[in-house]
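S.K.: So the chains spell out like this:
Protein chains: 4
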Amino acid sequence: MIGYRTLAVPGPTNMPFAIRQAMDVALEDHRAPDFPEFVKPLLSDLKAVFRMTSGRVFMFPGSGTAGWEAAIGNCLSPRDMVLTSSFGQFSGLWVEMCRRFNLDVKNFDMDWGEGVPLDLYRRRLEADKHHRIKAVLACHNETATGVTSDIAGIRQILDDLDHPALLFVDGVSSIGAIDFRMDEWGVDVAVSGSQKGFMLPTGLCIMGVSDKAMEACARSDHPSCYLDFTDMATANDQGYFPYTPAATLMRGLRASVDMLMEEGLDNVFARHARLADGVRAAVGAWGLRNCARRPELHSDTVTAVVVDPGTNANDIIGAAYNHYGVSLGGGLGKVAGKVFRIGHLGWLNEAMVIQALGGAELALRHCGVNFEAGSGVGAAIERFTEARLDLPLAAE
Amino acid sequence: MIGYRTLAVPGPTNMPFAIRQAMDVALEDHRAPDFPEFVKPLLSDLKAVFRMTSGRVFMFPGSGTAGWEAAIGNCLSPRDMVLTSSFGQFSGLWVEMCRRFNLDVKNFDMDWGEGVPLDLYRRRLEADKHHRIKAVLACHNETATGVTSDIAGIRQILDDLDHPALLFVDGVSSIGAIDFRMDEWGVDVAVSGSQKGFMLPTGLCIMGVSDKAMEACARSDHPSCYLDFTDMATANDQGYFPYTPAATLMRGLRASVDMLMEEGLDNVFARHARLADGVRAAVGAWGLRNCARRPELHSDTVTAVVVDPGTNANDIIGAAYNHYGVSLGGGLGKVAGKVFRIGHLGWLNEAMVIQALGGAELALRHCGVNFEAGSGVGAAIERFTEARLDLPLAAE
Amino acid sequence: MIGYRTLAVPGPTNMPFAIRQAMDVALEDHRAPDFPEFVKPLLSDLKAVFRMTSGRVFMFPGSGTAGWEAAIGNCLSPRDMVLTSSFGQFSGLWVEMCRRFNLDVKNFDMDWGEGVPLDLYRRRLEADKHHRIKAVLACHNETATGVTSDIAGIRQILDDLDHPALLFVDGVSSIGAIDFRMDEWGVDVAVSGSQKGFMLPTGLCIMGVSDKAMEACARSDHPSCYLDFTDMATANDQGYFPYTPAATLMRGLRASVDMLMEEGLDNVFARHARLADGVRAAVGAWGLRNCARRPELHSDTVTAVVVDPGTNANDIIGAAYNHYGVSLGGGLGKVAGKVFRIGHLGWLNEAMVIQALGGAELALRHCGVNFEAGSGVGAAIERFTEARLDLPLAAE
Amino acid sequence: MIGYRTLAVPGPTNMPFAIRQAMDVALEDHRAPDFPEFVKPLLSDLKAVFRMTSGRVFMFPGSGTAGWEAAIGNCLSPRDMVLTSSFGQFSGLWVEMCRRFNLDVKNFDMDWGEGVPLDLYRRRLEADKHHRIKAVLACHNETATGVTSDIAGIRQILDDLDHPALLFVDGVSSIGAIDFRMDEWGVDVAVSGSQKGFMLPTGLCIMGVSDKAMEACARSDHPSCYLDFTDMATANDQGYFPYTPAATLMRGLRASVDMLMEEGLDNVFARHARLADGVRAAVGAWGLRNCARRPELHSDTVTAVVVDPGTNANDIIGAAYNHYGVSLGGGLGKVAGKVFRIGHLGWLNEAMVIQALGGAELALRHCGVNFEAGSGVGAAIERFTEARLDLPLAAE
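So the protein sequences, as listed, match chains A, B, C and D.
Numbered per the working numbering, the first sequence spans residues 1 to 396.
Numbered per the working numbering, the second sequence spans residues 1 to 396.
Numbered per the working numbering, the third sequence spans residues 1 to 396.
Numbered per the working numbering, the fourth sequence spans residues 1 to 396.
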């Protein structure tokens, strides 16, 4: 491969220099006397990213899957009832995990392209007079279909019904990139990973846990050790960890949090919205369809593009990857071969998105898809420049 | 801190350039079509490091603790009987974990400085006529006390008695640095981590699992997902992973395995033995005592040095760390303040060991310990040059 | 600046990972006994890049300017007559330097956008019956205007006339990127730099010097030391340098030469031609003009785009740089404000060129230039995909 | 080579992480509109390192040799008389260069191990009633013999005699590491390089030039271009350079200057003195001799160790390099085979010096030199700990 292969998958993302450098250091002793001086402010600042003031943030070597397991393993016990919905690869896998952990799963199996069914959730929770439902699960941003669900709406339902269920949210591909509010939305456990909005390499699970969820840990009779919140909390209070932490990734996370804070979370979200808008304009110009069913479900971090029935989306992905230096995301599970995904999250600017869209156009043409070359990029360029009319001609 | 702070803790270690560089790359799509071309040979070559031909190697974001949990969570069920021994921080924590997972733990609680009690193990296994003991646990190299135990001896006992128990070994600070033989010793689950013999950053758990252990998974009724061997095996067979892998660390692991193979495992072990011998000579010259009780227990990857009762070992560690640029290991648990530890594993040569010993001497003098300056370093230099008489005067 | 700022200037270029890593190493002793084992093959392989078998390649800390000075300082003496032509910033500066060094300069001052005037050169050389012209200078690729001149044609003239003048060529922005043939074209001194076709950081001057030019050194009475070819040759023969070399850059150069060799020089040139063709198609689609006057002068490494009189090209460059993450080249000297330059050399692929073109379109629109958004990118995409019809659908 | 090879040569040095990282960035456009915002403060802060308030600092791709040539090429004309002294490889080469440039050289050829002969300089300058001597040259720190000369003393002589000669100083291995005062000592041109006190890779020449020297440029009739101070000054005033600068090295230089400023120049000098004292104690303990003749000549950045006549110093260097991971400096010119050099400058602490001394001891023993192993290291440790009695037991 000549030239950079740009990452247009929905995580991992294009790593900023500052983060790469923060991790490109000698290894360090995680039991050193001054290690807590690094750990404690990091944990504290992470809470700002989750927009939480109470509760705790945990981080440990892991993936989003580890985070899902930590949520249900720490706070629930076998046979506890959970309310769930599946409408894509990742929302679905979490539900499967609940079943494997012998939870009593009440699931709504939705079409892919839909999001969390608020009406159905409301009705089921209303019916749950005895509060047998211990936790409500929601995938904030389904990475497989590019669908963002309304977490504030779920909180509203729980509040309306005065239902005490815990609210568990998969925020792997949302936190740090699109609006997420732990406290305001009353989220009890939020799962995130290093390789999405945090712009880091894979390998670190980052979780927000409310005080209410911490209290629930005491009632769980599921044995846990590696993922145990209580062990983590005890060690974190001293600035250490119950076992060897992924210190190098944590050095990168420090840089990541600094960058998010410097740009300002609201600016980060606005930038993602602006760039996503250009991507959607491009998809429209190509005459293709967004997998997300309705505009209010459109994700600002990933767009799943549905190709025409005569085309194999994997050919497009293969051509982009092998011939044109762009790594697009494949369709997963049910939509394999039917969609390709454009990730647009992390350390991105307009020109980088155009590179991804241009790579997609090259691949579409390579595969014989009929559209006007440049039309998608042109549509995005129009959106991008319209959105930046506020900027001076050429000032710093 | 002016100048490099050298790591003389028993992991993480001084990372080789080649490994640092292998990880200092753009992030990549772990679902890319050519990712299996990277994964499959790596898994295969790792088996050579474990010295196993059958069975499997797994790797996932985690620490040694995750590996311990994976061993007992995958292969055992609550109330299964396990034979264990504790004689240091890490051997002890694994036993505690067994208890938390509701295993029926038969533990020998040994003095710190001792190793796995082979005679006691033999007697207990002999008494276990009905083979209620499902697994025997052993810490190959107790990092807290610098004690290496005789795993081949345990296998001999099991074979002598024709006992079918699984053999689980904590090889976190041994594998890749001192002699370890998965197949020959009949180890069923071996736990290792990225930050010791593999010379990588922390964050990756690497495990060897025998076919016998894989079969045991089917009989376990402990629910698991993140650490599930069967899920891993299914995905690994395709060259992928059941969830987002720590791809960057795996790129480093590729470099690590290449380096171990290029030097040759036997040469790696011989080098560790040679360097450890110099460290022990230095400790003797200082008039201090090795925490490991007997020469046959001396670890070639870490030496725990017992200080005189009037000295606080943490002062020595603090002086070395804060004033002289050397990071020594502290005493853990029972021996806190009583020992300091010199790690001597990984990408090390004679001059690097001398730096660590020199740093220890500076710190010892700084703290008023009475000994002849240079005596420890001198003793090591004598050993080191005697050991290299075979080398030509100055040839490449 | 959020996101990568892509370099679309005609050098420095987008540095490949392999080169960055090759230089991201500990410093080394350039007097070490094994240093020649690194130096000698590098010098030898560089000759292949220059396509020379006799003569020598030199490298030293410097810029192209140092190379120009080395050419005239080593091989000529004050008052020697030289035949030159100026048609851009860089060709012009070299002529100025000749004057400062008290050479007897016969210069043709051409319009910017033209190249070396072969007819005029022929006539002047024909008139030089007494061979008073000691050297003919030519700028192979004028970086300021994107003009490539015909060096083979100059050699033809010299051969036709049996004229013994030395042929000095500025190949700073051509060598390693577009066709250059030291031996076949009878070039006596060729000047190159690290930051163009060699894809390295700035700071290293790389020169090809023919045996005939080496002989000319003996006749020069210009004192020299830092740039002295004879001193360099003597030290290089031992694998060392007459003074401290830029060893880190040379480590990068090793990686660069390896990459050029692996891709194959002819493939490198073909790729540059293919990408340049797309850029020129985009310029046409925008309705703008190439600064190079005729197609045969079009450079495959840089395109200078002439903007309409009502537009300040620096506004476009400023908008691209400040708002859209793309670094375009500015107009130099006479064409300042009238052109912007798109560099398309080095470690580039189609998607990277599209990013640069997209950045230019964003900036053009931002500055109110009237054109159809996406038209330039689309034109390039059409050329790029047509040029790759030979590629399989998606194979590696 | 297993393990790090530590650099104990007198430049290049052990590069700090912060500097390595500052240079491990994407390439940048040195004509970018915001480049002057980086350049101007750097030039200004460099003046603080040279301890000058008037005059200028220049930097360009080059070595110390380029700096020597720039000094005499810019400020002098052929046949100008210069007063010089040679007492080692580098002082000698500068004198040779003066001869090659047709200067009228009045040189004192001293024994190696001596420094600038102040008495002889005084007598010669006193005799120069007509001020025919245009410049006095002095090598501040002769890297080949480890001799530091008294520059303040030369200034005193010039002032006493009211002699208008320019004072040119080779500060390559002194500036940034041992006391140097451009203004106070009335130095007119000071030559430094990136790879010594500035702790950078090789390849950048850094010069301090007084206003008096800048004025002298106008009177020189030596043609120059690449090394022309006037061209540099004109471009620098705009924040740019007359030709492509070594931008990557300059990014590193920014980090270097920041580090020197943060530690404080006086602390930097004191640290070098402290570490050098330990090295000299070690040499004494080995029973070997310092090449520098008298204590007041002892360099704090490099010690040349004279071996016994029966020993070939190159064997010691070879053994240290090939077998024990330590790169010692060789004897140059007249003292080849008779001395080995220990560099002790740059980003160094006590433990790093001990590593170098330990490496030397390993090599000495390997070569059969008779001394007590550990004696040198022990002597250094005693000095080092005595010098740090002020430090608290273990505070940060």
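The hints are simulated quantities; they were obtained by calculation from the structure and are not laboratory data.
Be a bit skeptical, because a hint or two may be false.
As the list claims (entries may be wrong) - A few chain A residues that don't get close to chain D, going by computed Cβ distances all over 10 Å:
| id | residue |
| --- | --- |
| 1 | I2 |
| 2 | F17 |
| 3 | Q21 |
| 4 | D24 |
| 5 | V25 |
| 6 | A26 |
| 7 | D45 |
| 8 | E262 |
| 9 | G333 |
| 10 | G368 |
To be verified - Taking lysine-lysine and the DSS-like style, the derived pairs with C-alpha atoms no more than 30 Å apart in a straight line are:
| id | chain 1 | residue 1 | chain 2 | residue 2 |
| --- | --- | --- | --- | --- |
| 11 | A | K40 | B | K40 |
| 12 | C | K212 | D | K338 |
| 13 | C | K47 | C | K212 |
| 14 | A | K338 | B | K338 |
| 15 | D | K338 | C | K334 |
| 16 | A | K47 | A | K212 |
| 17 | B | K334 | A | K334 |
| 18 | C | K106 | C | K129 |
| 19 | C | K40 | D | K40 |
| 20 | C | K338 | D | K40 |
As the list claims (entries may be wrong) - Residues from chain D shown here face chain A by an in silico Cβ test under 10 Å; the list is partial:
| id | residue |
| --- | --- |
| 21 | Q21 |
| 22 | A22 |
| 23 | D24 |
| 24 | A26 |
| 25 | Y240 |
| 26 | M259 |
| 27 | R294 |
For each residue, glycine too, the CB sits at the ideal point set by N, CA and C.
S.K.: Give a verdict on every hint.
M.R.: Do the hints match the structure? See the list:
1. I2: With a cut-off of 10 Å, I2 (chain A) remains clear of chain D, as the shortest Cβ separation is near 17 Å.
2. F17: 6 Å, violated
3. Q21: About 5 Å separates Q21 (chain A) from the closest Cβ of chain D, which leaves it inside 10 Å; violated.
4. D24: Not fine: 7 Å to the nearest Cβ puts D24 (chain A) too close to chain D.
5. V25: 6 Å, violated
6. A26: 7 Å, violated
7. D45: Holds, since 22 Å exceeds 10 Å.
8. E262: 18 Å, holds
9. G333: The assertion about G333 (chain A) holds, with a minimum of 37 Å to chain D.
10. G368: 36 Å, holds
11. A:K40 x B:K40: 39 Å, violated
12. C:K212 x D:K338: Not OK: K212 (chain C) and K338 (chain D) at ~41 Å, beyond 30 Å, violated.
13. C:K47 x C:K212: 16 Å, holds
14. A:K338 x B:K338: 64 Å, violated
15. D:K338 x C:K334: Violated: K338 (chain D) and K334 (chain C) sit about 60 Å apart, past 30 Å.
16. A:K47 x A:K212: 16 Å, holds
17. B:K334 x A:K334: 55 Å, violated
18. C:K106 x C:K129: Holds, at roughly 15 Å.
19. C:K40 x D:K40: Judged against 30 Å, a Cα distance of about 39 Å means the pair is violated.
20. C:K338 x D:K40: 28 Å, holds
21. Q21: Status holds, d = 5 Å.
22. A22: With Cβ-Cβ at 9 Å, under 10 Å, it holds.
23. D24: Hint on D24 (chain D): holds, closest Cβ of chain A at ~7 Å, below 10 Å.
24. A26: With a closest approach of 7 Å, the A26 (chain D) hint holds.
25. Y240: 17 Å, violated
26. M259: Violated - the Cβ of M259 (chain D) stays beyond 10 Å from chain A, reaching only about 16 Å at its closest.
27. R294: Violated, because the Cβ-Cβ distance from R294 (chain D) to chain A comes to roughly 40 Å (cut-off 10 Å).
Consistency note: the structure conflicts with the earlier hints numbered 2, 3, 4, 5, 6, 11, 12, 14, 15, 17, 19, 25, 26, 27.
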